[in-house]
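In order, the protein sequences belong to chains A and B. Residue 2 is where the first sequence starts when you use our numbering, and the numbers rise one by one after that. Residue 2 is where the second sequence starts when you use our numbering, and the numbers rise one by one after that.
One should not assume that every hint holds.
Said to hold, decoys possible - Mimicking SDA-like on lysine to any residue, the simulated pairs with C-alpha atoms at most 25 Å apart in a straight line are:
#, chain 1, residue 1, chain 2, residue 2
1, A, 203, B, 183
2, B, 149, A, 234
3, A, 203, B, 55
4, A, 328, A, 94
5, A, 220, A, 234
6, A, 126, B, 220
Since the hints were made in silico from the structure, they are not lab data. Everything numeric in this text was worked out from a predicted model, so none of it was measured.
Now for the letters of each chain:
2 protein chains.
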Amino acid sequence: MPTPRRFFLCTLLVAILALASVQVAVAADDPLPSWHDGAAKRAIMDFVQHVTTPGGTGFVPEPERIATFDNDGTLWAEQPMYFQLAFALDRLKALAPQHPEWKEQEPFKSLLAGDLKGVFAGGEKAIVQLIMASHAGMTTAEFEQIVKDWIATARHPRFNRPYTECVYQPMLELLAYLHANGFKTYIVSGGGIEFMRPWVEKVYGIPPEQVVGSSIKTKFEMRDGKPVLMRLPEVDFIDDKEGKPVGINKFIGRRPVLAFGNSDGDHQMLQWTAAGSGPRFMGLVHHTDAEREWAYDRQSPIGRLDKALDEAQAQGWTVVDMKQDWKTIFPLPAGR
Amino acid sequence: MPTPRRFFLCTLLVAILALASVQVAVAADDPLPSWHDGAAKRAIMDFVQHVTTPGGTGFVPEPERIATFDNDGTLWAEQPMYFQLAFALDRLKALAPQHPEWKEQEPFKSLLAGDLKGVFAGGEKAIVQLIMASHAGMTTAEFEQIVKDWIATARHPRFNRPYTECVYQPMLELLAYLHANGFKTYIVSGGGIEFMRPWVEKVYGIPPEQVVGSSIKTKFEMRDGKPVLMRLPEVDFIDDKEGKPVGINKFIGRRPVLAFGNSDGDHQMLQWTAAGSGPRFMGLVHHTDAEREWAYDRQSPIGRLDKALDEAQAQGWTVVDMKQDWKTIFPLPAGR
């Protein structure tokens, strides 16, 4: 028979072990461990339970569980510039020796002089020129390889890690949680469809055929007896703002039941999602964390969040406060 | 002990039962029961076994098992006119009372007089006019309902059955066989994407997001405070001939490992498929059965099969001879 002291110690030990095992069990059961308990996490989990409960009032059959996600600023960061623009600039610098005329020609002249302000002074026209010069004039297979090479080697200037590690850990968990619950997730981005497809499957678990994005035209040609698709310097489709519902309808043909964005560029996608019948989830990532990431909204030239934030507040859409809602921002670097 | 005569009868009975059970077993094991044993069926089954055998030299991982099918003339009939054209004509007749000006205006005047020859005299321009007048000017939701109503009630003039029962039973079996083997099947059709999406899931087991087709432009608008997509009388994309590889690359972003067509409109899709590395299957349905369906190829204005047939023969692609290879053409009518 134990002494009272030994009995007390034993009891304490059992209690500690029991508590510890409960905590382990809770963590293992939590599909969103990087999310603080709060209104956003609760809203997400309530919604998923609501639409996946067989016989429930909100049940949505699996084939109709379409979820669409913006990419820049929603799944990965978008500061200090859209990552695809960083890709375009690196690409143009590499191409410059073959284009001596760029030394005298805007926006290339400013770009090569490192004068980004001068580049952006040219407005949207200058950006389109840069995109066309860097993204067109090769086959789709060649472009895919160029993107793969860049994404494997380029590093983010602030975080000094590959761009594919500047993705949001809480959103990776959300994607995995939705996949586990029978959702089919799509990226619906203003970014280039062929800039995303080469790496999204590995990084997000989203296959290339579930990417909707902006595109330039391609042309089927026979080259040395083999068919190729040449990328032409001509805009095909801009998948932003009003273009997002158009792209969703064109590529998916079903209305999402869940949509996530972070800027006014996603406003119409959220409106389109909200207008469906039955339960719908509309989410916005609000960049509020200057320390760990960036803080920006109504006045930002990149990722401006203004009208969509007003509507989210008026309609009761879920606004994720990055600083308050997320325990961590980025995943642990690979190999650690 | 049985008499010799009873013994003989018993043996015969056992033999008959054994034979019968073997035949049942063969039928149950045969994923393509409407296909005659022959080169085409063997080529299909050999290919599927080759790419799905783990560790085999031709193994293709499941996510890359993309199979693309033309629709008109490949999955369902296309005579005496493309079924979508029959839809357009029915729709225009219904709209005519609201358009008195059509009485004097081609191609509508000929159409309303029942003079199809006069309609077609206007060439491609006339067809585009008819398509725009019948397919644009409403929301995407309204158009979906119009298609659903038509497909539920219209009947094929020769077979007097719904158009969705003028699909090819052997191809339904092929789709199911591919699905069972981890293939993701897509329709890649010159037909309208929004004309197909409302019914393909039920008829082919192919979800709407796996349809690539021709499209007209749509525009996001707020109407009475609700967002809608208006269908505009403007061509967005023609998914035919050189457009098919472009559409495959745009919508799917992976090269098919198997593709099936029936006309020169599918030639470039088959070339694009064939040009991939690793095992590929290219198939053509050859309409050779005037009695049960139609016989047409090199000279046909609808579904002309000429250059693609030459290349199929030169390259050893699989040509399905409808008359020789298919035991049945159409499924049993619903409810029988």
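Checked hints:
1. A/203 x B/183: holds, 20 Å
2. B/149 x A/234: violated, 39 Å
3. A/203 x B/55: holds, 22 Å
4. A/328 x A/94: Answer violated: residue 328 of chain A to residue 94 of chain A is near 38 Å, above 25 Å.
5. A/220 x A/234: holds, 11 Å
6. A/126 x B/220: holds, 23 Å
The structure fails hints 2 and 4 (numbered hints given earlier, in ascending order).
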